[in-house]
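So the sequence lines, in the order shown, correspond to chains Z and P. Quick note, the first sequence lines up with residues 421 to 850 if you use the numbering used here. Quick note, the second sequence lines up with residues 421 to 850 if you use the numbering used here.
Just so you know, these hints were derived from the structure itself, not from any lab. Warning: the hint list may mix true and false statements.
Same chains, same label: a pair holds when it works inside one copy or across any pair of copies.
With a straight-line cut-off of 20 angstroms between C-alpha atoms, the simulated SDA-like cross-links for lysine to any residue are [said to hold, decoys possible]:
1) K842 <-> E830
2) K544 <-> A747
3) K759 <-> L450
4) K544 <-> G746
5) K786 <-> D466
6) K532 <-> I810
Because the structure is a prediction, the values reported are computed rather than measured.
Protein chains: 2
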Amino acid sequence: MARESIKVGLLGFGTVGAGAVQSLQENAELIRKRVGVPVIIKSVADIDWSRPRSVELAPEQRTEDAQAVINDPEIDIVIEAIGGVGVARDLVMAALEHGKHVVTSNKELIAKHGEELFELADRKSLDLSFEGSVGGGIPILRPLKESLAGDRIRRIMGIVNGTTNYILTKMTREGREYAEVLEEAQQRGYAEKPPTSDVEGHDAAYKICILASIAFNTRVNIDDVYREGISRMSAQDIAYAGQLGYVAKLLAIAADTSDGVDVRVHPTFVPLDHPLAAVSDVFNAVFVEGSSVGEVMFYGRGAGSRPTGSAVMGDVIETARNILHGATGRVACTCFERKPLRPIERIETRYYIRCEVGDKPGVLAKIAAVFGEEGVSLSQVLQQAGRGDIAEIVWVTHMTPEHQVRESLERIQRLDDVRAIKNWVRVEGG
Amino acid sequence: MARESIKVGLLGFGTVGAGAVQSLQENAELIRKRVGVPVIIKSVADIDWSRPRSVELAPEQRTEDAQAVINDPEIDIVIEAIGGVGVARDLVMAALEHGKHVVTSNKELIAKHGEELFELADRKSLDLSFEGSVGGGIPILRPLKESLAGDRIRRIMGIVNGTTNYILTKMTREGREYAEVLEEAQQRGYAEKPPTSDVEGHDAAYKICILASIAFNTRVNIDDVYREGISRMSAQDIAYAGQLGYVAKLLAIAADTSDGVDVRVHPTFVPLDHPLAAVSDVFNAVFVEGSSVGEVMFYGRGAGSRPTGSAVMGDVIETARNILHGATGRVACTCFERKPLRPIERIETRYYIRCEVGDKPGVLAKIAAVFGEEGVSLSQVLQQAGRGDIAEIVWVTHMTPEHQVRESLERIQRLDDVRAIKNWVRVEGG
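The shape of chain Z in the complex, shown without the other chains (with noise of 0.2 angstroms):
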């Protein structure tokens, strides 16, 4: 029988919810175009409806009963826009058993919980998507799933968190130091308090986990991310990055190499011609190289209402397709490889690397002897005299062994005449 709708039940009526909500009623026609029937909002569970939101809805759209939406046996499509792994996840597992495709931009859920909830919707030919979990509206994980479903993806990189964009690009532009620029962005509500989320890379770090699992079809365990945050990048660091021709970015990386699997978010300085350095503010952006594909960036808003409302919409039309056309599952989880996680020591890039030393003849020459005993080649150096007797060191290195590297500072920091290794960063994209 031919469907006359496709209904949809909403979960959390929150800045995402919202978001989708406003795109369905702005654009109720022309979705109604696009996928051959109206697609409805039938049902929004919130359990607080005394907020004020900058949507509309019928009386007898709003319920405070979540259960009662995944029983209904007229919804097709269950959002979940809740956030978080508790409720969340007991509820979109319930949703999937009651035979309902999910949509969620829920990345702590997925990268957590994606194993558990993939082997149920591929058992029940249900779609579960989440192109909103990474990049907010900027269309990633199904260009990823499908339009380069023919490549080899061999590197993601990505700038996936707007908030500590934001600060590094502030520090950068005005010089300022790190707990200043938080604390501006926390008043102004760029940065949440507690800002840990963001500013150690938990946030980014589900995000990677979540592209790499897609682009490798592996996989991949959120324990298993090496992330390093933004709170140990100086305004002194950023300045020799500049000096060097290099930007820093917190960064998300995902590589499949033949030694492994290698995911990892830290702070990285980036070369000023990098399309990725001129991704600015709280802008967002997905650096892809593939074999064939060679070089791809995806880029937009990664955050807020309205973009993470149009990712779940587009989302929402698809599944509606999907049923319309009887083809619910048609592409499945994707992770039909196991493929063995490289550890952080074995990755192999170009290494910042900046020391205080006493200000004496010698020095120099026994930092590059350590460095070249230990294997690690030197491609920059800049020495600046400092306050008094001290004076700062900075190198990059050429690609070398993370092992290498940390062996050496080792090394160094034992040397008489090295007061301290200030900082080290790793630099990619050359």
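Knowing the structure of chain Z, use the given hints to seat chain P on it.
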């Protein structure tokens, strides 16, 4: 009955065809897992088997008989990689008539004959895919049709021709003139002889025609696309633009306005801090503005055997998935609207205008008076002494209807001390 494989026939074994075959050969096992069954190139038709190719085919795969490929009942999907609109059109029509799904990267074919091709494909519930026709390997058409399907697209601005972007990048970096850089590009194989299709904007016009049709759900006729090439860009204009904070790009633009759809290709000055400004050399990028998603950009290599082959294979895989799920025709032709075109005189944008004038008091005032009378408001002005008694004046206007600029320029060129209006260029993306 479960399908054991998906069989593909390829028409034309040139650059794109070889790229597609190479992707499939290299990634056969990966593609089998992603699709569920093997995807096999059964036959390849070409009229000239004497040319050397980068990939090997088995003798039984080769044929000179395109019709036999189309008639082969075992073949599910036909890839058209012949180019042009004569034989290619006839063969694609015939393939659809024979019930074959079609994948092509032929922009001219889709721009000129899209209507009849889609009409036939839709009638027979066949997939007709053409991701590679715009932006080479960059996923852009499928994201527009699927990921952004919940959004109303307002505007698209694309750098969609690598040859002209290469030429303009060279002119900008090296301060050289068009003719000289073009000749060098031809010698290096970056530009064809004759270069007309690229440098006069025909290639970009086909692409924006396709993009606009998808984004705005209305058929755009290629003859309605306003088109100017880059041959009138001078090193002097590019230098002035740089002083004023702009860079020269050949932009393909489409906007959906209350006053009609506006589709055009012309040299454009783009602010240096716009994401498109950083897209250099042969790279392409498509910048999309949606009412929900805000600004997104898709970047990568817009041409070449491997990138375009990647797009073709992505389409083949999506078609294969649809075949296996009985869901072909899942996203049919999306041109369900009939929107009027807005003529170029009615567009509204900003303008760079360069005049050569007699270096006398009062000239600037006289010209400014004309602009004022015609309602053209100015935002930037630059006056430079020239040789002898000649000076140059450069303006950038605020947003102005184009007919007002044209009327002003007609009056200005008749003023006594105005020697010539040397150039005027639209400014977008501010």
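Results of checking the hints against the structure:
no. : hint          : result
1   : K842 <-> E830 : within (13 angstroms within a copy, 65 angstroms between copies)
2   : K544 <-> A747 : both (12 angstroms within a copy, 18 angstroms between copies)
3   : K759 <-> L450 : between (43 angstroms within a copy, 14 angstroms between copies)
4   : K544 <-> G746 : both (13 angstroms within a copy, 18 angstroms between copies)
5   : K786 <-> D466 : neither (65 angstroms within a copy, 66 angstroms between copies)
6   : K532 <-> I810 : neither (47 angstroms within a copy, 71 angstroms between copies)
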